[in-house]
Amino acid sequence: MVKDQEFLKSKASYCLDLAKKMGATDASVKVGHSISETVNFRNKSLEASDRSDGLALSIETYLGKRRSSISSSNLLDENIKTLIEKCFETTKITPEDEFNSLPDKNLLAKQISSLNLYDETRFENDKKIKYLKDLEEVASSDNQIINTESSFTENKSNFILANSDGFCDGYKTSSFTTSCVTVAKDENSMERDYEFSSKRHLSDIKQASDLGNKAAKQTIRKLSPNKIGSEKINIIFDKRISKGMLSVFASAISASAIARGTSFLKNKIDQQVFANSINVIDKPDIIKGMGSQNFDTEGVNSNTLQLIENGILKNYLVDTYNGKKLNLLSNGRSGGTTNLYFENGKLSYEDLLKKNSKSLYITETIGHGSNLVTGDYSVGATGFLVEDGEFKYPVNEITIAGNFKDMFKNITLANDLELEYAVNSPTMMIEGMTVAGK
Amino acid sequence: MSNFFHKSDLTRQDADKIVSDTLNNCDDGELYLEESKSESILLDDNKIKSSSYSSDLGFGFRAISNEVIAYTYSNEISKDSLKNSSENLKSTLKSIKGTYNHEIPKSNKKFYEEINPIEQKTLNSKLEVLNKVNDFLRKKDGSVKQVTASFAGEQKSIEIIRSGGEALTDVRPLIRFNVSVMLEKNGRKETGVYGIGGRQSYDEYLKNDNWKNVCEEAFRIASINLESKPAPAGEMKVVLGPGWPAILIHEAIGHGLEGDFNRKKTSAFHNLMGEKVASEGVTIVDDGTIDNRRGSLTIDDEGTPTERTVLIENGILKNFMQDRHNARLMNTRSTGSGRRENYRHIVLPRMRNTMMLSGDQTQDEMIKSVDKGIFAVSFGGGQVDITSGKFVFNCTEAYEINNGKIGSPIKGATLIGDGPSILKEVSMVGNDMMLDPGIGTCGKAGQGVPVGVAQPSILINKMTVGGTKL
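Those protein sequence lines, which keep their order, are chains A and B.
Reminder that position 64 of the first sequence reads as 141 in my numbering, one-by-one numbering, no gaps.
Reminder that position 340 of the second sequence reads as 342 in my numbering, one-by-one numbering, no gaps.
Simulated from the structure, these hints should not be mistaken for lab results.
Predicted model, so just to flag it, every value in this text is computed and none were measured.
One or more of the hints may lead you astray.
As the list claims (entries may be wrong) - Straight line, CA to CA, 27 Å or less: simulated DSSO-like cross-link-like pairs of lysine-lysine: (1) A:Lys294 <-> A:Lys469; (2) B:Lys99 <-> A:Lys204; (3) B:Lys81 <-> A:Lys86; (4) A:Lys401 <-> B:Lys374; (5) B:Lys278 <-> B:Lys426; (6) A:Lys262 <-> B:Lys49; (7) A:Lys432 <-> A:Lys401.
Said to hold, decoys possible - Pairwise CB distance ranges, derived in the manner of DEER restraints: (8) A:Asp263 <-> B:Asn433: 56 to 64 Å; (9) A:Glu155 <-> B:Ala447: 34 to 42 Å; (10) B:Asp82 <-> A:Ser90: 23 to 31 Å; (11) A:Gln284 <-> B:Asn433: 53 to 61 Å; (12) B:Lys141 <-> A:Ser354: 33 to 41 Å; (13) B:Glu116 <-> A:Gln82: 39 to 47 Å; (14) B:Lys214 <-> A:Ser191: 31 to 39 Å; (15) B:Glu277 <-> A:Asn265: 37 to 45 Å; (16) A:Asn344 <-> B:Glu229: 51 to 59 Å; (17) B:Thr364 <-> A:Asn492: 39 to 47 Å; (18) A:Gln348 <-> B:Lys141: 51 to 59 Å; (19) A:Glu214 <-> B:Asn433: 52 to 60 Å; (20) B:Lys9 <-> A:Asp263: 53 to 61 Å.
As the list claims (entries may be wrong) - These stretches of chain A come out as covered by chain B in the derived footprint (C-beta under 8 Å, 3 or more residues): (21) 117-131; (22) 163-173; (23) 331-343; (24) 427-438.
Beta carbons are placed, not taken as given, at the ideal position from N, Cα and C, and that holds for glycine.
Kindly produce the complete structure, drawing on both the sequences and the hints.
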């Protein structure tokens, strides 16, 4: 069983008391416990089981404007004492930083409403095995599938965040995640693809057969790919790739990147950065949401933020330290976004495919080709050539490139948004990008 | 060396007994104990932004029978905790019986000293160097708008207890020093990053102002990028510089030669053993035995001494990299390549220092032979799709080549190629093999481990360059 609030609270207050006793002017502490159990399958038989049970403690001590931190997995009182001593000794010789402080007291979360983020259901390993058997049975039914690997992970976590201003709260969360990777082969090529499902509650997980079927179909359709020529082309990003654009956007508007001056979106508040049809929302209080939270990693209350309104940048993601630097109040985004999404566009998925006579539909990108300082983007890609709304043939060994500043202004969204994960997007089209191939 | 049994109700005798009990009817497995201490000190935006220290202690208990691996970990080293783990392993493997393989090779060689780099130098001396770095770069040129510099140090002690009571130990130091600088000129911003590191003390970088070389290199890269033009798009010849660009070898070839993907036949290389997979003159080794290198290990995380494994010899595929589990199932021996990020993770076959050896041509000859292409000197990260064999990496310093001459610097572009065929496109191998500066971390299945790479300059006949200029 995951440790209860009382145990975590007692450890947290032990740490805070000790730090105060040693002379720290302020302190904050996070204590967490997490248990996960994973079963791995390969080609319809058990391959591995993995159980992890981990405690984690992190403490920050302040001496005026001096601050340092330690973390440990060893929660024996004697070890905690040694570490806090070490932490405080380090704090004493760390230079002052005028922006170091605990969050403003009046911004701290006060009332915690239940977001239903914890499902206490135990899904025993035998049941995981049965689920994966069913999944792989379906995934391997086509004889072009030569390898299937799948896994099911159940996680239960609990934490307490406390600081010397009296904040002390935390809650349990759970997650159930299953994934399937299939390999297909024909005379010309070998290809891999995947499908997964990740939910707070067991009952919301996709059916095993649907997951296996989808993974296999997505893999088989990639067989015998072609390379295309280098040209300017309209690109359609499948939902699993388009949400990555939002992650890049979120990194570029973090207060830390803005304060350091290392973002292509610096000084863009109240300016047009997306096409004027685009709205971006970050909503922390979605029931059972994968990114939902009652407060951020500093205990600050977080409300829904409209980040982009009709294409215009309205908010940065602000934490206490960088907020003080920028003269902004924290908006509860230390730790980043919560449930982030583009609002739906107007076109149906089918109409988006048909909008141009020829486009490139991207289902996977590889490489780390996003430069947040300049906005330059260049990644390897896999996908399909689409002509007149029809998938013609698979394409690989190409790259796609552009600059986010231009790309964001050329986005057209479909109306097929589903709020499944912490970051969500409808299918997306960006006109006028460069593909490099033959 | 850590004593994992003091301050615990678990004695070594108890541990031996539980391990032997659990693994008796299994093919392999071990109890892996680990204690690590690490620090990181970061200067950013003119200030010491953070100084943090972390200590971690725990065990991972693994039992393997036939193809099934059962694994548990905990950070509580106690009799109860180990017994619980043992029960968990036994229940997974209840219906599968094996015969324990007691054989494990021995070696007395050590490739680094058992030091704790964190304690060897005071925090003040490290803070002082970071402040000097900041002052040095900001005074150097008015275009410097942001400086980030960091030290990271670690000492990891491990003990592996096998069935029958055999114990193997290692103490591994690791340091890293990194500088990133952002310049702004005429409204344009560019970054340059350079770092160094290895399994050694901080000494080399703290004495004789050696840190200045790291600053100069980061500044040089950023300055060049300020002048860069859009990169070309399309297939062309590519000259790779020596050293760090060998992450191409790591991504394109290395991962595909790891034992697990080949046992599962999901690697594009699985049926190519003994076949020609590279041009003549191309020899690639994976070497865990180079003194003080980031990817070196005295023993791997299963206790096997590391070695220099020849992967490709003169173009012919000779060996895969193996841990004990995949080696047993493929009827071969471990190459000392079994690694894990820490006690929370299972062992996988991984690279150590992956190197292409020197040939006899010069970089000049390569550049002169290219009509239209690019010269890539440094890279950011890379990635590979093992199954399709397609790999990418991102240039952080590159130039156009026109009519045999190096031209303008070009903006960061992704290069994409096909692993199984790329080495056949290598038409010249340089005489200038160089090791990377000691900064690589390889990710696989969510686990990061420190690695090294090396290569001479090489000429590749055909690769796709992912720029924006058609």
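Hints and how they fare:
Of the supplied pair hints, the one linking Lys294 (chain A) and Lys469 (chain A) holds, its CA atoms being roughly 16 Å apart against a limit of 27 Å. The suggested pairing of Lys99 (chain B) with Lys204 (chain A) holds, with an alpha-carbon distance near 23 Å, which does not exceed 27 Å. Taking the CA atoms of Lys81 (chain B) and Lys86 (chain A), the gap is about 26 Å. The hint holds against a cut of 27 Å. Annotation: proposed proximity of Lys401 (chain A) to Lys374 (chain B) is violated, straight-line Cα distance about 51 Å (limit 27 Å).
Only pairs whose Cα atoms come within 27 Å are accepted, and Lys278 (chain B) paired with Lys426 (chain B) is accepted, the gap being roughly 9 Å. For the hint linking Lys262 (chain A) to Lys49 (chain B), the alpha-carbon distance of about 55 Å lies beyond 27 Å, and the restraint is violated. About 46 Å separates the Cα atoms of Lys432 (chain A) and Lys401 (chain A), which puts this hinted pair outside 27 Å; it is violated. The hint said 56 to 64 Å for the Cβ distance between Asp263 (chain A) and Asn433 (chain B), and at roughly 43 Å that hint is violated.
Between Glu155 (chain A) and Ala447 (chain B) the CB atoms are about 35 Å apart, so this pair conforms to the stated range of 34 to 42 Å. Here the CB-CB span from Asp82 (chain B) to Ser90 (chain A) is close to 26 Å, well matched to the stated 23 to 31 Å. For Gln284 (chain A) paired with Asn433 (chain B), a C-beta distance near 60 Å keeps the hint of 53 to 61 Å intact. For the pair Lys141 (chain B) and Ser354 (chain A), the supplied restraint of 33 to 41 Å is violated, since their beta-carbon distance comes to about 48 Å.
The given range of 39 to 47 Å is respected by Glu116 (chain B) and Gln82 (chain A), whose C-beta atoms sit roughly 42 Å from each other. Under the hint 31 to 39 Å, the C-beta atoms of Lys214 (chain B) and Ser191 (chain A), about 57 Å apart, miss the expected range. Under the hint 37 to 45 Å, the C-beta atoms of Glu277 (chain B) and Asn265 (chain A), about 19 Å apart, miss the expected range. Checked against the given bound of 51 to 59 Å, the beta carbons of Asn344 (chain A) and Glu229 (chain B), roughly 24 Å apart, lie outside it.
The hint said 39 to 47 Å for the Cβ distance between Thr364 (chain B) and Asn492 (chain A), and at roughly 59 Å that hint is violated. One distance hint, 51 to 59 Å for the beta-carbon pair Gln348 (chain A) and Lys141 (chain B), is violated here, with the actual separation near 34 Å. For the hinted restraint 52 to 60 Å between Glu214 (chain A) and Asn433 (chain B), the CB-CB distance of approximately 56 Å keeps it satisfied. For Lys9 (chain B) and Asp263 (chain A), the hinted distance range of 53 to 61 Å is satisfied, since their beta carbons lie about 59 Å from each other.
A count of 11 residues in the stretch 117-131 of chain A with a Cβ less than 8 Å from any Cβ of chain B is obtained; the coverage claim is therefore met, three being the minimum. Counting residues of the stretch 163-173 of chain A whose C-beta sits closer than 8 Å to any C-beta of chain B gives 6, which meets the bar of three, so the coverage hint holds. With a cut-off of 8 Å between beta carbons, the stretch 331-343 of chain A has 4 residues touching chain B; three or more are needed, and the interface restraint holds. Three residues within the 8 Å Cβ limit are the bar, and the stretch 427-438 of chain A against chain B gives 0, so the coverage statement is violated.
Hints 4, 6, 7, 8, 12, 14, 15, 16, 17, 18, 24, counting from the list given before, are not met by this structure.
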